[in-house]
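Assemble the whole structure, with the sequences as input and the hints as a guide.
Number of protein chains: 4
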Amino acid sequence: MISPGELIQLVSPQGKKYLRILEPDKELHTHDGKINMSDIVGLDYGSSVKTHLGRKYTVFLPTLYDLIKNIKRKTQIIYPKDIGYILIRLGIGPGKRVVEAGCGSGGLTLALSYMVGEEGRVYAFDRREEFVKLCEKNLTKVGLNHRVELCVKDIANGFDVEDMDCGFLDVRTPWDYLTPLSKAVKNGSMVGFILPTTNQVSRLLEALEQFSYTDIDVVEIMLRRYKPVYERLRPDDRMVAHTGFLVFARVRIY
Amino acid sequence: MISPGELIQLVSPQGKKYLRILEPDKELHTHDGKINMSDIVGLDYGSSVKTHLGRKYTVFLPTLYDLIKNIKRKTQIIYPKDIGYILIRLGIGPGKRVVEAGCGSGGLTLALSYMVGEEGRVYAFDRREEFVKLCEKNLTKVGLNHRVELCVKDIANGFDVEDMDCGFLDVRTPWDYLTPLSKAVKNGSMVGFILPTTNQVSRLLEALEQFSYTDIDVVEIMLRRYKPVYERLRPDDRMVAHTGFLVFARVRIY
Amino acid sequence: MISPGELIQLVSPQGKKYLRILEPDKELHTHDGKINMSDIVGLDYGSSVKTHLGRKYTVFLPTLYDLIKNIKRKTQIIYPKDIGYILIRLGIGPGKRVVEAGCGSGGLTLALSYMVGEEGRVYAFDRREEFVKLCEKNLTKVGLNHRVELCVKDIANGFDVEDMDCGFLDVRTPWDYLTPLSKAVKNGSMVGFILPTTNQVSRLLEALEQFSYTDIDVVEIMLRRYKPVYERLRPDDRMVAHTGFLVFARVRIY
Amino acid sequence: MISPGELIQLVSPQGKKYLRILEPDKELHTHDGKINMSDIVGLDYGSSVKTHLGRKYTVFLPTLYDLIKNIKRKTQIIYPKDIGYILIRLGIGPGKRVVEAGCGSGGLTLALSYMVGEEGRVYAFDRREEFVKLCEKNLTKVGLNHRVELCVKDIANGFDVEDMDCGFLDVRTPWDYLTPLSKAVKNGSMVGFILPTTNQVSRLLEALEQFSYTDIDVVEIMLRRYKPVYERLRPDDRMVAHTGFLVFARVRIY
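Protein chains in written order, with my numbering: chain Z, 1 to 254; chain G, 255 to 508; chain X, 509 to 762; chain F, 763 to 1016.
I should point out that these hints are in silico values taken from the structure, not numbers from a laboratory.
With a straight-line cut-off of 25 Å between C-alpha atoms, the simulated PhoX-like cross-links for lysine-lysine are:
| # | chain 1 | residue 1 | chain 2 | residue 2 |
| --- | --- | --- | --- | --- |
| 1 | Z | Lys141 | Z | Lys153 |
| 2 | X | Lys645 | X | Lys534 |
| 3 | G | Lys350 | Z | Lys69 |
| 4 | X | Lys558 | X | Lys534 |
| 5 | Z | Lys50 | Z | Lys17 |
| 6 | G | Lys481 | X | Lys735 |
| 7 | F | Lys831 | X | Lys604 |
| 8 | G | Lys440 | Z | Lys56 |
| 9 | F | Lys831 | X | Lys694 |
| 10 | F | Lys915 | F | Lys836 |
| 11 | Z | Lys34 | Z | Lys72 |
| 12 | F | Lys948 | X | Lys564 |
| 13 | Z | Lys227 | F | Lys989 |
| 14 | G | Lys440 | Z | Lys69 |
| 15 | Z | Lys186 | G | Lys310 |
| 16 | F | Lys915 | F | Lys895 |
| 17 | G | Lys387 | G | Lys407 |
| 18 | X | Lys661 | X | Lys604 |
| 19 | F | Lys779 | X | Lys694 |
| 20 | G | Lys440 | Z | Lys16 |
| 21 | F | Lys948 | X | Lys525 |
| 22 | G | Lys304 | Z | Lys186 |
| 23 | X | Lys649 | F | Lys948 |
Predicted model only: the values in this text are computed from it and were never measured.
Shown next, in the form of structure tokens:
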């Protein structure tokens, strides 16, 4: 039974999605008419409510995917297709301690904090205060902020954390931070990077070899969506062709 | 400091990887010579050991990616690129309870049990006994078997579980099990499927519409790997072009 | 030296392209100002002209690619990436005789007639008169109409041509026309098809096997464009994900 | 009716292809047994012949695609997917005069000479004598050598041709030849390049801007093949992920 204060996702007949905290005294205004949020209290997930124009909206518990997609953003966020792969490559899971620099709007931060659970910890930095604030807001909305140490920080001066299980950098010049990064994580740890251009990837690869990194991998993840129509199955006409190159490497003791 | 009994990954100078439980009285035989496993005890991750021919191998803590890649398999396993996306779409995380049918060699089972943590639970079925045994063996090796209820079961007769947070089917005719699946998971839950052919996707889409499923999505994830050479950066010559179509849907109350 | 009546392509400083027949008494109105077309007469290709606001436009001889991209269309046209591959698979070249059904706006017809030269011949059909007229207009503009026999025709009643070197169908139900198609082309000829959905491809494959076709191939061509910026080289953010599946087969004598 | 001396393609029941000049006194040895080539004389294309073990092989007229695929090669050849797009971008067609440097084994040379017809001309260079000889042999086999001026030449010393309609370079350092290239082709002409690495593309882009080139485009063509089985339609498991980046540009008068 859905209670006030819960995070819910409403889906319109056309598939449009609304992520909201259930506040019974509020209304949701849609193209299909108004929904009294109080009508949702006490329903089961998977149920429908009607707008004042009689259109049916279905209520669901949002999954991690929905939470990431609904992040309020001022920057390009990292896409779920990339986040899923990052989680697996870095070995994120319950109890892990992760450091992330360049958290931006906090899409990856949200996923990391979701996956590390109550025993884990995420240390998320950005040198731009507005992004740290936005990230905080996004995490608070979904109730994950207590798992994250958010901080305005220029990592050029060090990460000020140590013994992290892994690390991730979403910054423009990651090659400038390879030594502080290697000190922030445990020896032998996996670290990851996302970069938009091939020039940046080349420059990072050169630096990774110079510093004590090994087991280096560069990949791109592409997602192709299909129109879910059984008698006319076909890929969508257009797709996101590029989000970023993912680079992974391990810190070696030399 | 690495102790006996730990799961370690050894990486050769050419990047070949060996996942082993550290048994100090054993040797690892490689193309570069023998390694005394006792030499590894007490080292820090990220350190190197030498083969009897003097070649340096580096020791790392395996990440989830390494564990999945090292699964002993008798079937096509689900790839990390797909698993990562499945985790996010289904909202897998600490404490979740998941049902999986068609666990095969257990690649996805391993990832699910890793992510749900000690508070979560995975119910994994296969109707072929040999796969349940193989899956068990693979989970035991990495110490995750206690989080999984493994069972030889034909789901045509029902799943015998309920209130699951989500479900995943890797079976040839998923359209045959949509009603029992919807009873195994909580109302409104997200379920996922992987299917190799477009004919199967069409048939599943038709069935999902007939039964009480909604919010349907069909995607493909492609991974393109690059040669990590900074002055000659280029995609690999060949890639895996197809593993499977991923289908996601939610159970609606109607 | 460029003369009146020639087909020219003007490219703006931002890369916007205009394909025009050079009529000296006309003006080209652009976002950068007006260009007197008479200023272009007598110039060499590769030269620039200025708009009345002083912006430089460069004049080029259009290539086949430019001609295809500038087709006036009422339907989805076949893309250059697909046309190039079709030409090679069908063995189109000087002197070939080709039949095409479902010519639509005439993008492929234009390319076929360009490639078969003065000795070749294209027989292009569509059952919708408006498209035959549009196709004719598009071919006339680029001076290739005399190489094409255009006809409003429903191929269900036969193609009324024979001994074609190859054939191509861009129609919704190509499986209905396999027998007439095999009579229109020489024995052993290669024929091609373009289809948007997997369901259509499956149905065509089934029919091709039943009729006397062999050496069957199904492919998709994807084109990924890069931002041509040397110090920030990266794929475009978005791309066309799907135009159609290409199917090729040969007519066997049985 | 097939005559001696013709170029034919035999296709096995499993789809294996053999391209041969029909020499009636010869035999073709296959895994399915021997075929007397004299049995093929007088047949129609699309007919079958039997091996001495009774297996049916079908005889076809090879298309341009088959000719390219059967090139004897000592280097990576340019793939049909790329060649088709190159033809369209460069505007190759009957009567065109094209210059190509780095012809290698001659795959593109073959396609160019096929398409320019008897009135056109291809000037193909390579600085390595063995490749010029191989290219010659490959062209002679398919009867196209008389349309091509083949030459061992280091283009650093100039192309020694002028007024070409377009040009293509498949060389390691194309940026070294941009001035001689611009002198070999007509003003305003389209030129193309193929390069395997992103570093080369960046360097070429930088040089194209410095020299008098404009209208620059960088693309990649990917081909995904499907298993042509109507009730189990699916992409092939593996694909060629990378052949080369294609760069196109036009010569501007400045």
